[in-house]
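Asker: Sequence:
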Amino acid sequence: MSTKKTSSDINSHLWGYLVPLGTNPRVLRIDFWRITPTCVLGRDPAAVQVILPGGHISGKHASITWNQELGKRSMILLSDTSSNGTWVNDEKVVYGEVYELVHGDQIIFGADAPVPDEDGLYDYRYTFHHVAVGTYQPKIDELYLKGDLLGQGTYGTVYKATERKTGQVVAVKSVEYHLKRPTGCTPVLGEIRALQRVRHHPHVIKILGSFPLLKKPLVFVVLEYMPGNLFDYMEQESHTRALWPEGPDVRGLPEEICREIMYQLCHAMGHMHKLGVTHRDLKPENILIGPVNGAPFIKVADFGLAKIEKNINQPTLMTSIVGSAVYVAPEVTDPRVPGYDHYSDSFSAGVIMFTMIILVEPWCEPRVPPGRPPLPKMRWKYLTTELMAPEGLDLLDHLVQPDPHKRVSLTGALTHRWMKAHTPMHITGAYGPSLD
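In the UniProt record's numbering, the protein residues as written are 1 to 436.
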């Protein structure tokens with residue numbers, strides 16, 4: 001029996017989306033979320049939800065609004081507030097008036113023909129897809145049988161569940177959200193957006209669907225199920241020593257296991273960073289793990305604190321103080337620093353690598369107040385060539401550099417000689433397109 005998801009399953013959290021008609025892959029699909037019925041598009045980052053760079057685009061160019069109904073009663077209205085105009089099916093929308101969109105409409109923002117530019121980077125021609133007009137949207141209980149509680153945190157509760165039709169085991173996260181937040185976004189909305197953007201990688205947890213409740217601020221997010229996480233994996237090894245029965249008293253995961261996990265993590269994170277997503281909360285608990293053909297297979301999860309660039313061609317510095325004290329990069333919590341970028345994930349990955357090598361927290365003293373400078377010393381004296389080859393220790397040193405300008409990116413880590421000497425335990429073709 002096939003378990004392949006249909007388009008309506010994958011897009012069940014949307015009321016519509018725009019598919020670019022141009023050829024430049026940097027012009028991304030625009031998704032419209034059911035928990036945000038109005039989306040403003042334009043050039044001004046402070047005034048819009050979707051940024052469209054380019055001189056022919058106004059600060060607040062246009063807005064698209066859903067009436068929050070499903071099926072035949074669903075209606076989508078476009079309003080133009082621009083200087084240069086918006087076209088639907090080659091017809092210019094009258095300024096200040098509304099135009100009802102239907103499935104398959106072709107929309108152009110800012111010009112009635114493709115704008116000559118850098119390989120179509122400012123080609124804002126799209127086809128509109130009306131998701132909410134589709135057939136009856138079933139409730140999550142009709143599709144999934146609720147199982148055991150897997151975990152509970154600040155932003156929601158996670159249950160194990162079984163898809164009634166296929167028997168597939170999944171994880172379901174239920175999250176309450178608040179539309180009126182100072183940041184204009186909610187953790188669950190950010191998590192869904194991040195997962196949708198980076199979904200085409202085997203080492204990133206896949207979102208299988210989402211089910212927002214229209215009458216109350218609650219959304220159910222259906223995710224792949226993985227049986228454990230890296231924290232529990234390391235805890236089990238520290239008690240059983242099944243992977244490394246004999247060796248130094250202070251020893252962690254065997255080098256080849258550590259290198260395989262780091263290879264998968266760096267590949268997944270490099271993919272994410274290329275698409276403008278910074279995780280900002282990398283830690284062993286957020287790296288799910290399970291055995292595949294006897295070898296560890298990880299998936300990066302929990303994107304509730306992730307930052308998603310609205311315009312991946314113009315990345316901006318982040319300023320929010322987020323993350324976990326043991327793993328957060330020093331520049332994230334340093335008030336003297338104007339901002340930070342995706343190199344903060346490199347530092348967190350380095351602390352994770354350090355922990356895998358010795359199976360104890362790598363800091364000689366607690367990082368209190370949580371994560372604030374100055375950094376305590378790390379347990380470098382525990383690290384010997386019996387635990388890790390010199391090349392591996394060299395990569396570790398480049399990952400945990402306090403100065404982000406001296407730190408290696410996670411894409412760059414894959415080119416380090418310790419990584420290049422590695423033969424992946426899983427089929428390399430599964431990693432998708434090159435990160436180059």
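Among these hints, one or two may not hold up.
Distance windows between CB atoms, simulated [claimed, not checked]: (1) LYS377 x GLN68: 52 to 60 Å; (2) VAL337 x GLY134: 22 to 30 Å; (3) ASP403 x PRO370: 14 to 22 Å; (4) GLY71 x ALA421: 52 to 60 Å.
Straight line, CA to CA, 30 Å or less: simulated BS3-like cross-link-like pairs of lysine-lysine [to be verified]: (5) LYS60 x LYS92; (6) LYS92 x LYS139; (7) LYS406 x LYS420.
Don't read these hints as lab results, they were simulated from the structure.
By construction, the Cβ of each residue, glycine as well, lies at the ideal position given by its N, Cα and C atoms.
Asker: Please go over all the hints and tell whether each is borne out by the structure.
Answerer: Verification of the supplied hints:
1. LYS377 x GLN68: 52 to 60 Å: holds (55 Å)
2. VAL337 x GLY134: 22 to 30 Å: violated (47 Å)
3. ASP403 x PRO370: 14 to 22 Å: Because 21 Å falls inside the window, the suggested range holds.
4. GLY71 x ALA421: 52 to 60 Å: Distance hint for GLY71, ALA421 holds at roughly 57 Å.
5. LYS60 x LYS92: holds (17 Å)
6. LYS92 x LYS139: This hinted pair is violated, its Cα atoms lying about 39 Å apart.
7. LYS406 x LYS420: holds (21 Å)
The structure does not agree with the numbered hints 2, 6 stated previously, though it agrees with the rest.
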